[in-house]
Amino acid sequence: MTGAWRNEESMDAIITENLTKTYSNGVKALDGVSFAVRPGEIFGLLGPNGAGKSTTVRILATLTFADGGTARVAGHDVRTESEAVRRRIGYVSQASGVDKYQTGRENLTLQGHLVRVPGRELRSRVDELLAWVGLTEAADRTVKTYSGGMKRRLDLAMGLIHKPAVIFLDEPTTGLDPETRATLWQDLQRLRREQDLTVLLTTHYLEEADQLCDRLAIVDHGRVVVEGTPGALKSEIRGDAVTLEVDTETSLVATTLRPLAGVLDVIPNGRSVVARVAHGATAIPSLITALEQQGVGVQSVSLSRPSLDDVYLHHTGHRFSAAADSAATSAPVPETGRGRE
Amino acid sequence: MSYLRDTWYLLWRHIVTTVRIPVWLFVTIVQPIIWLTLYGQLFRRVVEIPGFEAGSYIQFLTPGVLIMSALFGAAWSGMGIIVDLNDGIMDRVLATPVRPSAIVTAAVLHAVLTGLVQAIIILLMSLVLGARVPGGIGGVLAILLMASLLAAGLAFISNGIALVTRREETLISVANFFGTPLLFLSTAFIAADLMPGWIRSIARFNPVNWAIDASRAAMEGGNWTIIVQNSVYLAGFVLLGGVLAMLAMRSYRRAV
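Chain order of the listed sequences is A and B. Residue numbering for the first sequence is 1 to 341, as defined by the numbering used here. Residue numbering for the second sequence is 342 to 597, as defined by the numbering used here.
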């Protein structure tokens, strides 16, 4: 028995290999998703809407099936041992999942019964969790009266009621105002410190992935393009980013800047150009001079240390915000009810 | 064992939720009373038509209205599932060790329970309006069994449609499209002898009519053959509905 325990613990909490899925309406949601999550870490799937994050989480939570590839969660195969997986996971969907006509305490108690928390432990576990998420006073009010943040904290508590090995949080802060979002980040950090579990969250907020995740995978068009710690991913990007807003064709700008000394890379991006340079502050004057010699007017210049946005740009070839916008308008979404990716 | 426990917990949630929506509670209780008094008044003189053998129309109408409220209550049962789909409750429960079929069974039992409460209200109201139950306690229990079986079968189908279409609009049109014809292709309001021959032939295959005929026999306390025979038919109907609902649940899990 102890041997089995040890074995389970030493393994990756989540491991996916080459997951693929195409919805019946022909939308290819996943095109070979592979990544591994170590026990006890907060792992983020970062990508724009429609990138395949929610689909991945739904497969891992045994809610739907992949067409190809394999996935193991907490040591069990999601396809062949789905029952064992479900006993070890908490799942908090984008669309909440609380019954608004019941009180916070009733919602938690029902969830506890459904995930087989023994009756004699359940009452104290419910009280403990209500206190942990700061809902003790609101516990006996119906959820209808809760604010967005309170509802989200109840969701979180419901995902934790049976002390799962892995919890999935699908877009946990989408739709929350910035203040509530910051509070929830603190809750999630407290979660990792105080509860012994692995967190897989999806997000389309760069700063959320940066601040909250121990490691992350960038998902783009149904594939994981890169995986690592936010720090390591950023340090892979050499030099500083100089963003130049210009009044002419950006391809001309790119050909002008590329041969200059100290310029590592130039990526045109709509009306602006991102030049990656070894030393930003010293490079700017020479960049502007070179452009002016070509008759290109520079409207603004900004200098930044590498960010996750640059990591995203480097690996996918397009800016994160641009991808989020185009995904929202062009990617058809399967009919699965409200509020899902 | 855990299957029954899960079903009970989920059923309890439905009960608590519905009791907390006052409008729903009011409609559930008052609507059957309105139907009974309204139809009872409107068609009072129908019994005077030669060939209509019943003595009082209320006596004749009671099983019809009783089964009608079971019919419409159950036909809408799938709406609950659609609300749960939209609110994310379905996914949350599907990610627990609860078996998916327990989710459907709880919704169906809720429809049955609602139908039973309405049936009891209608029976009491009919006594007030002058109907009598010569069939006695056994007759009453048989009537409640018919209402339960019909509600269960229809609720399974309604939940199945909800899982496949996942849209409120579709369920509403399907329930309307089939609900009313099923009711009028039966002896709910008029004796079989007075129906056109072709309607009588169709009614023979109509589960709603099975339930009404058996309930009427049970109320009068006479013909137990038809009661037993129609409960067997209705049990088959429940089984069919159950299989369809489980297939629908499977297709839902593949589609999303």
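It is worth saying that the hints were derived from the structure and are not from the lab. All figures in this text were calculated on a predicted structure; none of them were measured in a lab. Each residue gets a CB set at the ideal place from its N, CA and C atoms; glycine is no exception. A portion of the hints provided could be inaccurate.
Okay, the calculated beta carbon distance ranges per label pair [claimed, not checked]:
| id | chain 1 | residue 1 | chain 2 | residue 2 | range |
| --- | --- | --- | --- | --- | --- |
| 1 | B | Val357 | A | Ser24 | 54 to 60 Å |
| 2 | A | Thr80 | B | Ser592 | 18 to 24 Å |
| 3 | B | Ser343 | A | Gly228 | 54 to 60 Å |
| 4 | A | Glu128 | B | Ile362 | 27 to 33 Å |
| 5 | B | Ala596 | A | Asp177 | 31 to 37 Å |
| 6 | A | Ser302 | B | Ser343 | 57 to 63 Å |
| 7 | B | Leu588 | A | Thr70 | 23 to 29 Å |
Quick look at which bits of chain B chain A covers, simulated, 3 or more residues with Cβ under 8 Å [claimed, not checked]:
| id | stretch |
| --- | --- |
| 8 | 428-441 |
| 9 | 588-597 |
Status of each hint after checking the structure:
no.	hint	verdict
1	Val357(B) / Ser24(A): 54 to 60 Å	36 Å, violated
2	Thr80(A) / Ser592(B): 18 to 24 Å	21 Å, holds
3	Ser343(B) / Gly228(A): 54 to 60 Å	42 Å, violated
4	Glu128(A) / Ile362(B): 27 to 33 Å	31 Å, holds
5	Ala596(B) / Asp177(A): 31 to 37 Å	34 Å, holds
6	Ser302(A) / Ser343(B): 57 to 63 Å	60 Å, holds
7	Leu588(B) / Thr70(A): 23 to 29 Å	27 Å, holds
8	428-441	holds (count 11)
9	588-597	holds (count 4)
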